[in-house]
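Given the sequences, and given the hints that come with them, work out the whole structure.
Listed below are the residues making up each chain.
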Amino acid sequence: MTLFFIVTLNGLTLAALYFLAATGFSLIFGLMRTVNMAHGALLLLGGYVGFSVVEATGSWGLGVIAGGLAAALAGALVQFGILGWMQGDELRQTLASIAISIIMADLMLWHWGGITYQVTLPELLSGGQRLPLLGVGYASIRLALMAFALVIGVALWFLIQKTRFGAVIRAGVDDQAMLRALGFPIKRIFISVFALGGMLAGMAGVVAASALSIAPGTDLQFLLSSLVVVIVGGMGSVGGAALGALLVGLAEQYGLAYAPTYGAVFTFAIMVLVLAVRPQGLLGRAEK
Amino acid sequence: MNILKTTASILALTAFAAPAMADDIKIGVISVLEGAFAGPGMDGVRGAKLAVQEAGGAVGGNEIEIVTMSSDASPDSAVNAARKLIEQDEVDLIVGPLSGSEGLALRDLSKSYPDVTFLNGSSASQDTTLRDASENFFRFGGDGAQWMVGVGDYAFNDLGYESVAIVGEDYSFPYTQVLGFMAEYCEAGGRVPEKFWTPIGNKDYSSIVYSIPQDVDAIFVVLGGADAVNFLTQYAQAGGDKPIIGSSVTIDQSVLDSQGPFKDLLVGAPSGTPTVSNFEGEEWQAFVASYNEAFPDGFSAPSIFGHHYYMSTKAAMLALEEVGGDLSDGQEAFRAALTDLEFVTPTGGTMRLDENRNGIVDNFVTEVFEREDGTLGNRVVKVVRDVDQYLGMDKDEFMAMGPVSRDNPSCP
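If you read the sequences in order, they're chains A and Y. Residue 1 is where the first sequence starts when you use my numbering, and the numbers rise one by one after that. Residue 289 is where the second sequence starts when you use my numbering, and the numbers rise one by one after that.
By construction, these hints were calculated from the structure, which means they are not laboratory data. Just to be clear, a hint being listed does not mean it is correct.
Claimed, not checked - Per the computed footprint, the stretches of chain Y lying under chain A, defined by three or more beta-carbons under 8 Å from a beta-carbon of chain A, are:
#1 325 to 336
#2 491 to 503
#3 535 to 546
We put the CB at the ideal spot given by N, CA and C, even for glycine.
Right, dumping it as structure tokens:
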């Protein structure tokens, strides 16, 4: 029984990480219909920059912020310099973003090399907490990760539901042409949403590098999990990303604990099931 | 700087490609030059180049040309690389590949190209040479089981571990390493109550961590690269304190050099490996010096990959020398020379092949230690010479154990 609770807890923490990684991806798709295949590369970039900053300054918080900002800047550049020029041509954008992700991955391999990095945790987060009732140790960073995802989730919900910027994004998701006709600077909005998505990915990268580790290949793993999460949850909504992340995270951990050989199958079984029964995703709206 | 070098080497290649003579011997090197294994893979190529350089770049008046192809550590990419090398570049020999399942794929492919000789790189699956062997596939090195010889005995008799849980990646190389460990360990009286097989590239091991039985004395970790780092970190974070036994790749310098707080767990961990960077032997020191001179931007010492690609290519150079570069008649004379070849390896032993064209090798039992500057290294606990593929057992008895798998061997 203890194992079951622990595995559930593991599933929740993994879900928190997947949520952080996938929301940005989902937002960008929701607004611009761009499948940003460079999302994983942005995440890895954030992780590497975060690692370097933590090494240089010794401050974990600074590392998370720096990782987020670096990826935000890279995301904005990608939209401003490349994807923005082919707005509306989704296939071309997707292909271009695949190219960008390969180029970024090689540049990062060049700079940071092929070894595995782990961000050194601050004292407060590095140990384990004794869990009440269960009587086993549990890594503090993973508990912090859940709290972090909750805070980010609530902040995002507030940004999108309660602020003017959020209202513009929501309007853009519903009817981009009308938003443009009303005179909103759609190019600039797109760039800021790309930066926001990049920032979320970058912070997720630093958190992933703290709780797990990062190495070449991490970008593709998180891109794939983000894709699965938004397909399951539904594109373009924060709630969908949260639900999708929860399902995928739990499925992966239960699979690993109870049927390790077939662990990977569960995740994709869920995806296939959702695609068959509700192709727009659990919380997604059907395309008009 | 690297861009400059790359450009220069591309220019150099095109410049030298044109006047290639008919008698030139082309060696295709297949290694992993992309993704997670790119660092180790590049070292493999260095090893091959070093052997050619030491032979003076020519054998019996025939220039040796190296053509490099990258695979991504998957069997089909290795097969594609080999096909391209054979059909487009028309290479005479192939040195490679790097990882276990790739080796099995190239062994199968070699049967369709009987005129090309394949020399294994660092791939160490058992069945590459043991079962269903191919006439033109040679391995001047051991398999994963040979690389663990000495460790099971050491763990039981010297360290007193009576039961061990195993965490490993779910493919042929870890199965083979587990066999090498368990053959001795179970024979000595140890037990392995549980094995956990996880997918390659798994990130989150925490659920495995909590499934490990509390009453084992140690954990044998058969994970490489980032997987090892992730597992050890999460094990430490969950408050785990069982001693670790490492596989040949778990204690590789690329893991020991990785950054993170997981390192404390590894200090003192025993392991088996054919390559120890700090080995004191005279031949090894000479090898390291030669490597450092040829590749100032390489590792501080050759890795297991550089070492094995070097031995294979060196074997090719020596055999070519013996036949004066003669590769006629489907390379018959050359292969006969390879089969009977004996030479001193960088670890000081005598390399020779068994009837399946698999190397009889030296193996080390090592232990991770902390150097004065805080970095981690491996030091030699003991050397086991002349390890054959049957691990010193009777051939029939060994073959009767059957192919390795998730559940074979077993001693719960």
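*Violating hint indices (sorted, rising)*: Checked against the structure, no hint fails, so every one of them is satisfied.
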